[in-house]
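Trainee: Position chain B relative to chain A; hints supplied.
Protein chains: 2
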Amino acid sequence: MRYRKKHKSSGNLRKGSKDLFTVKWENNRVVMIDQTKLPGKLVYVRYNKYEDVAKAIERLIVRGAPAIGVAAAFGMSLAAISSRAKTPNSLLKDLKIAYNRLRSTRPTAVNLVWALDQIMKQATSKSDVQDIKNSIILTSLNMATDDITINKKLGKNGAQMISNDEVILTHCNAGSLATVTYGTALGVLRAANEMGKNIRVIATETRPVMQGSRLTAFELDHYGIDFSLIPDTAVGHLMSKGTISRVIVGADRILKTGHVYNKIGTYQIAALAKRHDIPFYVAAPISTFDLTSSVDDVVIEERNKNELMRMGNKLLAPKGIKILNPAFDVTPPELIAGIITEKCVLMPPYEKSIAKNISYG
Amino acid sequence: MRYRKKHKSSGNLRKGSKDLFTVKWENNRVVMIDQTKLPGKLVYVRYNKYEDVAKAIERLIVRGAPAIGVAAAFGMSLAAISSRAKTPNSLLKDLKIAYNRLRSTRPTAVNLVWALDQIMKQATSKSDVQDIKNSIILTSLNMATDDITINKKLGKNGAQMISNDEVILTHCNAGSLATVTYGTALGVLRAANEMGKNIRVIATETRPVMQGSRLTAFELDHYGIDFSLIPDTAVGHLMSKGTISRVIVGADRILKTGHVYNKIGTYQIAALAKRHDIPFYVAAPISTFDLTSSVDDVVIEERNKNELMRMGNKLLAPKGIKILNPAFDVTPPELIAGIITEKCVLMPPYEKSIAKNISYG
Numbered sequence: 005m006r007y008r009k010k011h012k013s014s015g016n017l018r019k020g021s022k023d024l025f026t027v028k029w030e031n032n033r034v035v036m037i038d039q040t041k042l043p044g045k046l047v048y049v050r051y052n053k054y055e056d057v058a059k060a061i062e063r064l065i066v067r068g069a070p071a072i073g074v075a076a077a078f079g080m081s082l083a084a085i086s087s088r089a090k091t092p093n094s095l096l097k098d099l100k101i102a103y104n105r106l107r108s109t110r111p112t113a114v115n116l117v118w119a120l121d122q123i124m125k126q127a128t129s130k131s132d133v134q135d136i137k138n139s140i141i142l143t144s145l146n147m148a149t150d151d152i153t154i155n156k157k158l159g160k161n162g163a164q165m166i167s168n169d170e171v172i173l174t175h176c177n178a179g180s181l182a183t184v185t186y187g188t189a190l191g192v193l194r195a196a197n198e199m200g201k202n203i204r205v206i207a208t209e210t211r212p213v214m215q216g217s218r219l220t221a222f223e224l225d226h227y228g229i230d231f232s233l234i235p236d237t238a239v240g241h242l243m244s245k246g247t248i249s250r251v252i253v254g255a256d257r258i259l260k261t262g263h264v265y266n267k268i269g270t271y272q273i274a275a276l277a278k279r280h281d282i283p284f285y286v287a288a289p290i291s292t293f294d295l296t297s298s299v300d301d302v303v304i305e306e307r308n309k310n311e312l313m314r315m316g317n318k319l320l321a322p323k324g325i326k327i328l329n330p331a332f333d334v335t336p337p338e339l340i341a342g343i344i345t346e347k348c349v350l351m352p353p354y355e356k357s358i359a360k361n362i363s364y365g
Numbered sequence: 005m006r007y008r009k010k011h012k013s014s015g016n017l018r019k020g021s022k023d024l025f026t027v028k029w030e031n032n033r034v035v036m037i038d039q040t041k042l043p044g045k046l047v048y049v050r051y052n053k054y055e056d057v058a059k060a061i062e063r064l065i066v067r068g069a070p071a072i073g074v075a076a077a078f079g080m081s082l083a084a085i086s087s088r089a090k091t092p093n094s095l096l097k098d099l100k101i102a103y104n105r106l107r108s109t110r111p112t113a114v115n116l117v118w119a120l121d122q123i124m125k126q127a128t129s130k131s132d133v134q135d136i137k138n139s140i141i142l143t144s145l146n147m148a149t150d151d152i153t154i155n156k157k158l159g160k161n162g163a164q165m166i167s168n169d170e171v172i173l174t175h176c177n178a179g180s181l182a183t184v185t186y187g188t189a190l191g192v193l194r195a196a197n198e199m200g201k202n203i204r205v206i207a208t209e210t211r212p213v214m215q216g217s218r219l220t221a222f223e224l225d226h227y228g229i230d231f232s233l234i235p236d237t238a239v240g241h242l243m244s245k246g247t248i249s250r251v252i253v254g255a256d257r258i259l260k261t262g263h264v265y266n267k268i269g270t271y272q273i274a275a276l277a278k279r280h281d282i283p284f285y286v287a288a289p290i291s292t293f294d295l296t297s298s299v300d301d302v303v304i305e306e307r308n309k310n311e312l313m314r315m316g317n318k319l320l321a322p323k324g325i326k327i328l329n330p331a332f333d334v335t336p337p338e339l340i341a342g343i344i345t346e347k348c349v350l351m352p353p354y355e356k357s358i359a360k361n362i363s364y365g
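Residue numbers (my numbering), protein chains in the order written: chain A, 5 to 365; chain B, 5 to 365.
Just chain A, with the same shape it has in the complex (with noise of 0.2 angstroms):
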């Protein structure tokens, strides 16, 4: 089932008046922010079963890795209020199905598949059908206020090293609204706007799903944050001409040897930006880590030729055509100056740096 409730469009929202709640549980639901319809409208969709939250993050309902792996975590809830199982073996056989289905909506975000595996972890270690429902919310809400906490001290770690005046490029939205709330790429941004540095951002449209125009410009309109949009083609031209003095991206997935998956155009902005000398950093919470896999190994996700093809009821290109939509790419170690963490800022090599600091499971 799913309600909704329709807000006041974005630009009549008092500017910095409030955070914006991506996804949330709120009396036994999941309610999120249905991110397909910014920025025109600012509306909640909340859902009851675990199948509809499924479908919001297979639909970009919901988007952005953080905020996936709570939304999954919190279908996870729902599944396991929904069981009527009677004994522990067939709760957890309800809940694998449940997880199954929630980790095949999307190949490349690893924290999806930290959140959903952090869940298992839990119900297997209990007892009791009703030990195991309570902890697994429990596990949820705990992972929802974490993502906050983490983001915030990302966000420090990550603003510290921003000079007054600087102007920062970002790609896709690793903001508010690929979070719970904080952000880690803006959440930078906003922790330097909080310490009352000057900066002034640039954000890039990100085709073919636009997340810079939706939603980054949303967000930083909304938090009353200086930037301007571009379209992605731009990128090259504003840096030759020395407008930009740092990058700070998101993150979908990070390797042990520090190459990072995120939303396609990342890598050329990062090839970009090394050559003309402009710092690329890399901002993404420990659970982003994937420190089993290769480069060989990961599923960069196709996504529907739709996206290109047409805008609301525009018509972009013939129909028929052969298109290739690949949703990341890969960013390779020698691009990155730094990759932002709520630990520590991680500095080259990464293979030693990453080995150092980082472990979870």
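Hints in this document: simulated from the structure, not taken from any laboratory. Honestly, I wouldn't trust all of these hints.
To be verified - Straight-line alpha carbon distances no greater than 16 angstroms define the calculated EDC-like cross-link-like pairs of lysine to aspartate or glutamate that follow:
| # | chain 1 | residue 1 | chain 2 | residue 2 |
| --- | --- | --- | --- | --- |
| 1 | B | K245 | A | D300 |
| 2 | B | K318 | A | E311 |
| 3 | A | K318 | B | E311 |
| 4 | A | K323 | B | D230 |
| 5 | A | K245 | B | E306 |
| 6 | A | K245 | B | D300 |
| 7 | B | K326 | A | E306 |
| 8 | A | K326 | B | D230 |
| 9 | B | K90 | B | D135 |
| 10 | B | K245 | A | E306 |
Stated by the list, open to error - Where chain B lies over chain A, by a calculated footprint (3+ residues, C-beta under 8 angstroms):
| # | region |
| --- | --- |
| 11 | 214-225 |
| 12 | 231-245 |
| 13 | 274-280 |
| 14 | 313-327 |
Where is the CB? At the ideal position from N, CA and C, for every residue including glycine.
Mentor: Coordinates of chain B only, in the frame set by chain A:
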């Protein structure tokens, strides 16, 4: 006055059936494809006032440096026909007004000024009202015919260096729809195709105006050339995977130093091609060369922010935000493997090869 004739949607056109005529002269009127309606509808517009031609250039109903040049020349023919001047001097005064209006439409493409100057040179060489009018019409008609001949020569010069099974990336639209009918960068690809070479094309969407999805995809589909459309954000990713063997783009202006002004996004493609050792070529007629300006002189057109704000009926970004929307960028000579013209393929160092081979006026 403006007439419209609706044609079937592109999906119903017989592929490769007929050359697309972007701009032509018919019964003392300018006839052009309304490129803002593509790829949904192939609509022709007919104008008998130069002011309508000027507006058509501003609104991108006709675009592409060579096509704009010919359209402006036909605009001068309309100005000549409609002038009621009785003396050469008053006719030249009327023509100068039309010249200034047409010249003001777009600041970066140099073929526009080149074509207008050719027309005025003819006009001022005659001393009789009817002679002036006739010579302008004849010059504009020759310009249109020459454009086709020049494109075909240029196409052959470029196609000779293309090997079988190449995958060639192009940006924006430098095809039929950017010229009278044959194309420059896409003319090279058409010529390779006509020589029986098996090629595949990768076309970028080309935000914000989507000339790649709307025009290049329409054209390649029309001519039956194998291609895939990609978002501008996927260029680096595909290059890193080794998919692309060559880049060929058009140009709006080329300086004597070999600096190339072309659609925004060209520079970053050239920089990425350099990083991946992929040869980057520019294809343009000699009328694209500006032998007098330096990089500091050239104005890069900043277009309306609505290009990033809306698509059809869809709002893409929050209202009232700041947007940077430069229409062109400049690619420095060190990134360019060769410049394909109707005379020859110019090779570095360009200061020398351009000085030796290019002259006009």
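Trainee: Against each hint, give a clear statement of whether it holds in the structure.
Mentor: Hint check:
1. K245/B - D300/A: Holds, because 12 angstroms separates the two Cα atoms, which is no more than 16 angstroms.
2. K318/B - E311/A: Distance ~14 angstroms between K318/B and E311/A Cα, so the pair holds.
3. K318/A - E311/B: holds, 14 angstroms
4. K323/A - D230/B: Roughly 14 angstroms between the alpha carbons, so the hint for K323/A and D230/B holds.
5. K245/A - E306/B: holds, 15 angstroms
6. K245/A - D300/B: Measuring from Cα to Cα gives roughly 12 angstroms; hence the hint holds.
7. K326/B - E306/A: violated, 32 angstroms
8. K326/A - D230/B: With Cα atoms ~9 angstroms apart, K326/A and D230/B stay inside 16 angstroms; holds.
9. K90/B - D135/B: holds, 12 angstroms
10. K245/B - E306/A: holds, 15 angstroms
11. 214-225: With 6 residues close enough to chain B, the hint holds.
12. 231-245: With 13 residues closer than 8 angstroms to chain B, the region 231-245 of chain A meets the three-residue bar; holds.
13. 274-280: holds (count 3)
14. 313-327: With 13 residues closer than 8 angstroms to chain B, the region 313-327 of chain A meets the three-residue bar; holds.
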